[in-house]
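A.B. asks: Residue numbers (this note's numbering), protein chains in the order written: chain U, 92 to 317; chain E, 683 to 968.
Treat the hints as calculated values from the structure; they're not laboratory data.
Idealized CB from N, CA, C, for every residue including glycine.
Any given hint could be a false lead.
[Claimed, not checked] Residues from chain E that face chain U, not an exhaustive set, calculated with beta carbons under 8 Å:
id: 1; residue: D729
id: 2; residue: Q730
id: 3; residue: R732
id: 4; residue: D734
id: 5; residue: T738
id: 6; residue: F742
id: 7; residue: S753
id: 8; residue: N772
id: 9; residue: E773
id: 10; residue: S775
id: 11; residue: G829
id: 12; residue: Q840
id: 13; residue: L841
id: 14; residue: G853
id: 15; residue: N856
id: 16; residue: S950
[To be verified] Every beta carbon over 12 Å from chain E, so not counted as near; a handful from chain U, in silico:
id: 17; residue: G110
id: 18; residue: M115
id: 19; residue: E135
id: 20; residue: R154
id: 21; residue: E169
id: 22; residue: V210
id: 23; residue: N248
id: 24; residue: N265
id: 25; residue: V309
[Stated by the list, open to error] Only some residues are given here: those of chain E computed to face chain U with a beta carbon under 8 Å:
id: 26; residue: T728
id: 27; residue: N736
id: 28; residue: R767
id: 29; residue: Y769
id: 30; residue: G776
id: 31; residue: T778
id: 32; residue: L782
id: 33; residue: G785
id: 34; residue: G807
id: 35; residue: V810
id: 36; residue: A812
id: 37; residue: P908
id: 38; residue: S909
id: 39; residue: I953
Here's the letter readout for the chains.
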Amino acid sequence: MKNTFYITLLTLLFSACIGDDIIMDRVEETLKITVQAASIAAGETFQFDARFTNNIGNTEEGRVVWGSSDESILAITEDGLATAITQGNVVVTAEVTLEDGSMLKEEMDVEVSMITVVVEAPTSRAGVIATTTFYDLEGDFTLTEINGGVSLEIADNYKATDALPGLYIYLTNNPNSISDALEIGAVTVFEGAHTYELEGVGLTDYDYVLYFCKPFRVKVGDGKIN
Amino acid sequence: MKNIFVLFSFLFFTISLQAGGGWTQPKGKGYVKISEWWLIANQHYTDQGRIDPNLTNGLFNTTVYAEYGLSDRLTAIVYFPFFSRSYVNNEISGTTGELLTAGEAINSIGDTDISLKYGLTKNSGISVAATLTLGLPIGNSSGGSQGNLQTGDGEFNQLIQIDAGTGFPLGSTNAYANVYVGFNNRNNGFSDEFRYGIEAGVTLFKDRLTAIARFIGVKSFKNGTPSAESTNTSVFANNAEFFSFSPEIAWNVKENWGFSAGVGTALSGKIIYANPSYNVGVFFKW
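Next up, chain E with everything else stripped away, as it sits in the complex (with noise of 0.2 Å):
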């Protein structure tokens, strides 16, 4: 699987937070979350879901992520990587001290996902919503001299998403659970996945702190390209998996703005980092 696509993936499981899960934006309303999100990698998971070492990768994304209640059911969305930075380390020799392989960086903007969310229910108990996202491949999808260094994987995928969620009281604060699945669609030789996840939350503080569980999963279909006929000269190339626990918390210094901070590892996989990726951010909403 390709760098990228393990960006995206953390990403996804970071970001599906503010998308509300199947809750939709009132008309008018919005919600707006800078952040920056990185990985720094020096293990993955192997095709046989164990861990192997691999020179250090890092990766940066300076995102910003919005959604806009175009009406009451119908929310538009926009995942955009303004800045996204790519690296691997120097090679050493720990015997001479002599520069074996130059490291390299790229510098770019990311693939953007454009999503539709929809909801299928009103004043119900369960809000559930469908969302169709678009990924547009307008990072760099083969930078470095390897080409294994990327903002983005050069394939257009559709993620349609099913989400179902509710609130509820949990003593004397208020709770939120959700789960999801979906199907994403994926092109230029690149498998198809799977994806799933629940997530639950809770609000302390006089609701300024939300504290949030998230466990994410994908499964690959493998009906792409192998790996080793890919032109794509990554490790992380195709037929990804994993599993993953994301808690996040985000504290409302205000009513319209406040901060988050998250964590997202893997908890199995096979080809994708074995590292934890991080995300702080500052959002706003009205």
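Chain U extracted, bound-state conformation (with noise of 0.2 Å):
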């Protein structure tokens, strides 16, 4: 009976301690090539410009290696350096070695012509929030470029829950935690369109339009940003 009593004790005791959960944050590493040309006159150079993503999400600086297909024609170093040296066609790539040894490549098509031309970057993306939980969520979604900044902007099918004390919207690389992501803030629509508009943040920046309880620690939905 008494060791009976200590065991429950020393059961409770262990249970009132702070433990771990595991957060199954593994997201598919991305490359994109942010800045390109669809030519390069002969003679000149272009810095080409790609973004790489590991496996939480998180944005990792110098681990892109660039090629070009035919060197006499356009020679890369490694960090994206092209120079244009005759005319011709070429495959311009851009790859990263992942951790289990396989290859996240990207390329394109680029002419050494008499003229340089820039591949304009778009000015919006857009997407569809929808709910990961049995929580109300949905609706569309167009991230727009402004001066400064980026506009997000809810379209009006949208709508929430307002059952969730400590609702928050992010966006992130990751959706599956907070952690590296850019709170925008407290969610205080619940229907209907509205705007925020966030200074200093690049259109390409992240991927996801993030909606977490913060204060619980829940996902409660998200959306791609395409």
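Quick one: dock chain against chain with the hints and give me the complex.
C.D. replies: Given below as structure tokens:
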């Protein structure tokens, strides 16, 4: 009887200690060429750029290695500085070696010609917010480049539960965690169109809109920024 | 609904047995129970009544519950959680193993209930009693960096409850049944509640063991502040509802003391933890 009492007491004491919850935060690595040219004038140089996010959605610098399919037409350094040598067509590749040894690769066709034509980046992206739980959350959104930042416009078909205190909205590259996410703020509109303006944020910096119950650490829903 | 409300909801439906349903304590007689109640929750009922996961939250209460017969009809009752602990777990990356967010814990006393129960019937086959309970907000209502660790809800509530109970033989054993309804008036933006319950018990082994089955329900009037507009930053904020089942056993080691153990689980609910709570205690009576 006494032993049972002590075992019960010890079990309770250990149960009252802070434990660990494992967050399944793995995401697919991504590689995007963010600054690119369709054509480069012979004799000129052009700096390509790309963004790599790892398996937890963090941006990693210095991982991308650049290459050219024909160095006699267009030479390119490992960090993406291209020199157009003579007219012709090449394939420029950006590659990252992943932890498991596999390669993540993006490529684009580039012409060496008389003029340089930079591929214009899009000025807006869009997506659909959807719940990942049993709480109401839905709606379309558009992320638009504005002077000095971006504007996140939530469409009038948006609807979110008001049953959760501490519902916050984020931009992130990992929809499974708010670590390293950009906190936009507490959600105060639960139906209809509204807009968030974010200074110092680039259009391609993040790939997801995330709704998260901050105090209780519960993901409520997300939307991929296409 | 705030954590602490969940806490006291569960406590309520595990404590109510000792309050004796429709019965009051005889004058000068009393009952004291020291118990540990705990709930470790990693899932909850949503506002749609479905179950969603959440970061693990532990709630532990070490309590004294006592009732004393001021007269044959009037019983004073106090429920005092003299040590209450609430914590949330660490968040660890399943990919890198790194600590994403450190867990937190708070320790304090908890919100305390004081009650007066008045017996409306005397020497009747059915015992009816009315109870007024005052919930004193003396716990911590906003602990932790997110304010979501609580040992009190910060609101003063007044619960009026009517119990009706009767005892009867069941074969060679003794049994009882009790029903109650109550209205819980809450302030500070919390919705008022309708409470109801039914329990039945049977004594076995020459009255040394009492086995109890208890069903408890809470319906919110949803007349308080919407959770999202509340300053209380917990997922369990307001407008919670549940229907629970709470079996319990009490073993009388001697005539004047014994042990008890019980479990409580919400069979259905809205904005309330979905994991079971447990309690163990030792009681004394005179």
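A.B. asks: Does the CB of G776/E sit less than 8 Å away from some CB of chain U?
C.D. replies: holds (5 Å)
A.B. asks: E135/U: least C-beta distance to chain E exceeds 12 Å?
C.D. replies: holds (42 Å)
A.B. asks: Against chain U, with CB atoms and a cut of 8 Å, does the hint on S950/E hold up?
C.D. replies: violated (13 Å)
A.B. asks: Under the criterion of a CB-CB separation shorter than 8 Å, is Q730/E in contact with chain U as hinted?
C.D. replies: holds (5 Å)
A.B. asks: Should the interface hint for D734/E be scored as holding, given a Cβ-Cβ cut-off of 8 Å against chain U?
C.D. replies: holds (5 Å)
A.B. asks: Tell me if L782/E is really an interface residue toward chain U, meaning its C-beta lies closer than 8 Å to one of theirs.
C.D. replies: holds (5 Å)
A.B. asks: How about N736/E: closest beta carbon in chain U under 8 Å, or not?
C.D. replies: Holds, because the Cβ-Cβ distance from N736/E to chain U comes to roughly 5 Å (cut-off 8 Å).
A.B. asks: Under the criterion of a CB-CB separation shorter than 8 Å, is T738/E in contact with chain U as hinted?
C.D. replies: holds (5 Å)
A.B. asks: Quick check on the hint: G785/E CB to chain U CB, less than 8 Å?
C.D. replies: holds (4 Å)
A.B. asks: Just checking, E169/U versus chain E, shortest CB gap more than 12 Å?
C.D. replies: Holds: least Cβ distance 27 Å, greater than 12 Å.
A.B. asks: Does the claim that V210/U lies outside the interface with chain E hold up, using a Cβ gap greater than 12 Å?
C.D. replies: It holds; V210/U is separated from chain E by about 33 Å at its closest Cβ, greater than 12 Å.
A.B. asks: Is the interface hint for D729/E satisfied, with its Cβ closer than 8 Å to some Cβ of chain U?
C.D. replies: Nearest chain U Cβ about 4 Å off; hint holds.
The structure is inconsistent with the numbered hints 7, 12, 13, 14, 15, 16, 17, 18, 24, 25, 34, 35, 36, although it conforms to all the rest.
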